[in-house]
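Chains as they are written, first to last, in the numbering used here: chain A, 1 to 164; chain B, 165 to 820.
Just so you know, these hints were derived from the structure itself, not from any lab. This one's a predicted model, so the numbers in the text were calculated from it and none came from an experiment. Each residue gets a CB set at the ideal place from its N, CA and C atoms; glycine is no exception. Hints are supplied without guarantee of correctness; some may be wrong.
[Said to hold, decoys possible] Just some of the chain A residues that point at chain B, by a computed CB distance under 10 Å:
1. Glu35
2. Pro40
3. Leu42
4. Arg45
5. Arg72
6. Val83
7. Ala84
8. Gly85
9. Val103
10. Leu104
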Amino acid sequence: MTGLKPYFSALTLTMVLAACIALLPTFSAAVQPDEVLSDPVLEERARDLSQDLRCLVCRNENIDESNAELARDLRILVRERLVAGDSNTEVINFVVDRYGEYVLLRPTTTGANWLLWAAGPLMLLLALAMAGGYMRARGRDAGAEGETGLNDEEQARLDKILEQ
Amino acid sequence: MITELGHFALILAFMIAIVQMVVPLIGAQKRWPGWMAVAEPAAQAQFFFTAFAFGALVWAFVTSDFSLRLVTLNSHSAKPMLYKISGTWGNHEGSMLLWVLIVALFGALASVFGNGLPQTLKARVLAVQASIGVAFFAFILFTSNPFLRLSVAPFDGQDLNPLLQDPGLAFHPPFLYLGYVGLSMAFSFAVAALIEGRVDAAWARWVRPWTLAAWIFLTIGIALGSWWAYYELGWGGFWFWDPVENASFMPWLLAAALLHSAIVVEKREALKSWTILLAILAFGFSLIGTFIVRSGLLTSVHAFANDSERGIFILIILAFFTGGALTLFAARAQSMQARGVFGLVSREGALVTNNILLAVGCFVVFFGTLWPIVAEMAFDRKLSVGPPFFNAAFTPFMVLLGAALPIGAMMPWKRGKLRRTLYKLRYAFGLALALAVLAWAMQTGRSGLGPIGLFVGAWVVFGAAVDLWGRTGSLGRLSRLPRADWGKATAHAGLGVTIFAIAGLTAWEQEDIRVAQIGQPFTVGAYSLTLDSVERARGPNYFTTMGTVSVRSSGKDVAVLYPEKRDYPVAKMPTTEAAIDYRLLRDLYVVIGDQQDNGGWTVRTYIKPLANWIWGGCLLMALGGLLSLSDRRFRVAAGAGRGQAGTVKSTGVAAE
Chain A
1 MTGLKPYFSA
11 LTLTMVLAAC
21 IALLPTFSAA
31 VQPDEVLSDP
41 VLEERARDLS
51 QDLRCLVCRN
61 ENIDESNAEL
71 ARDLRILVRE
81 RLVAGDSNTE
91 VINFVVDRYG
101 EYVLLRPTTT
111 GANWLLWAAG
121 PLMLLLALAM
131 AGGYMRARGR
141 DAGAEGETGL
151 NDEEQARLDK
161 ILEQ
Chain B
165 MITELGHFAL
175 ILAFMIAIVQ
185 MVVPLIGAQK
195 RWPGWMAVAE
205 PAAQAQFFFT
215 AFAFGALVWA
225 FVTSDFSLRL
235 VTLNSHSAKP
245 MLYKISGTWG
255 NHEGSMLLWV
265 LIVALFGALA
275 SVFGNGLPQT
285 LKARVLAVQA
295 SIGVAFFAFI
305 LFTSNPFLRL
315 SVAPFDGQDL
325 NPLLQDPGLA
335 FHPPFLYLGY
345 VGLSMAFSFA
355 VAALIEGRVD
365 AAWARWVRPW
375 TLAAWIFLTI
385 GIALGSWWAY
395 YELGWGGFWF
405 WDPVENASFM
415 PWLLAAALLH
425 SAIVVEKREA
435 LKSWTILLAI
445 LAFGFSLIGT
455 FIVRSGLLTS
465 VHAFANDSER
475 GIFILIILAF
485 FTGGALTLFA
495 ARAQSMQARG
505 VFGLVSREGA
515 LVTNNILLAV
525 GCFVVFFGTL
535 WPIVAEMAFD
545 RKLSVGPPFF
555 NAAFTPFMVL
565 LGAALPIGAM
575 MPWKRGKLRR
585 TLYKLRYAFG
595 LALALAVLAW
605 AMQTGRSGLG
615 PIGLFVGAWV
625 VFGAAVDLWG
635 RTGSLGRLSR
645 LPRADWGKAT
655 AHAGLGVTIF
665 AIAGLTAWEQ
675 EDIRVAQIGQ
685 PFTVGAYSLT
695 LDSVERARGP
705 NYFTTMGTVS
715 VRSSGKDVAV
725 LYPEKRDYPV
735 AKMPTTEAAI
745 DYRLLRDLYV
755 VIGDQQDNGG
765 WTVRTYIKPL
775 ANWIWGGCLL
785 MALGGLLSLS
795 DRRFRVAAGA
805 GRGQAGTVKS
815 TGVAAE
């Protein structure tokens, strides 16, 4: 497994990407029967972990689905660590230590990455606040002088009449 | 000869587009009817010449004219005819020509069907549309010319990427482009309205059909792409959160938001500036999508052009159109006076909620797609953002959307009562909940995802039925409901079905990977499979290794499947062709792999529950859009004022 390390240095990334196309014909589709662990619980964990790890030489594939040789090596590596008794976090850390953060399909929350994870909820809050302000303004207009020129009480009466 | 004529027609169309961009705009400013009238024939002529150019390129592909560089690079004489034709847009240059053809098509359609539009608005819409055309004609002619010849023509071509040689993918790009570019009409209307300084209900009624059409095409295009990925790319995944998929998904989300906010403008004359902004952003995201795919900035399966010159050109186009439109928006938006008033709990409020959730969902996808670039440039971190992120960060907004949808759809305009609406939906809620509990009780030790998704999906579907029923109360009157009501219920139900299916498939899929010996049966779920034989054969432009797998269930023959592994010698690329037994409730999906040392073959079997329903739901959504598009009020609007253009301000707008 140590022989894998030279595969990934910053310099080789582009070369590796190009090599991806060349690698494809040496085809060994996704998880192979000989890789599967006999312990179904460990195997299940391995599959879950594999889906969060990127095949480094592929375009946008996890190692679980990839056909590349390197992905196979990584799958075997993950299983070896699991058999050796590592926890899921330890396996992930082991892989990240060797291949860098780029290997993670589920980005961490460290550093500036919190912004990535918080972006959605923050935007939702912002949008709700803006919409709330807008709607309150609309509602106030309704009270003051709406398009119908009715105040709240009159409007309520009208609504009642219309609903009947 | 035809090629040269095509090239010439393309240049001519470019020139016409320049005229169409400049003259009507000045005419509209100065109120010169003659100048404004130029737009109409120009739009039609521009379309005619672009269509001729495109036809010439198709002809070159069909006749395998290898003196064309593009044909040599992307075609082969042994390729089946369908793929020779679809090969025209299976490459960068050809697909850009298709793009600009559709820009011209929409412009021409607007010139034909836009008779009821005020004269100045029409002139401006067509001028803005032409400016988009100009940008892309220039892009094609200066950086991506499809009509370049080779000095020495080779005997044969280099073939199309075999993954693209597929009927599903043959029609995926045209639909997607019809959707992307359809949004350019909404953009042109928005910019024209900003120049005009006026947005009213009539404007919304004009914009909505175009947006609806674009959204229908996008829905079908995305569904086709996803279906293709399902049966072609290997293991039956239907969505990978690939940057290129996201590029088509973001405009879809915004187009869906725009559809709904345009209703508020049309019926209630509120949300005007927001709707304009959405129209600009929706097309902006189409351009971003084009940029992402064409620049190869985010390398992925689809990025067939990795050329920085092209990337920069498109970035300039993107910056010019979205930047320009947003500047105009900032200058003019405050002149949009809202008229309608409404309370928080109302149809308007519900549609605002819809817009918030769709827009935030789109923002999450956008942020996640671009984050790797941001992180690398700003923090010097090389990282990936993959499906686990998108599933975790995006899905909650869609669950919220699904949960709110049936309630919002039944809310009355202006002011509603939450309790009254909830009361009407009590049976739908109960039924959906019962289904979810049943599913949860029947599964053991699996994720809660299935039941939750099942609940949301069923709730949306039943809610749509209650809504439809509540409008009439009797079966006889159901058929007399306006098509818009049917469209709304159908599209909403379609969304429900898709949510339901995605949840079911994700939660209850079964997988089996093994080395199968010939003649020895093995069991997957309730099925017994036997690999009967494996043969090697020859296709039109490939070699194949084909397995014969017979499937039995409780003693009865279910199906015989033929999974294949193909090798395309010209393109030097293998593909796997899964064999799928499609059924109503589940698909049986079999893939054959390599031969092992012991003589057996690697066989993967998947049982995929509800798989078809994902695309069935998409079709329902598209059908709903189509029903809505054929509603009487759009047909009336399209016919209104025919022959008296310029004086008619469309039909009156009753705030329902």
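Earlier hints that do not hold, by number: 2, 3, 4, 5, 6, 7 and 8
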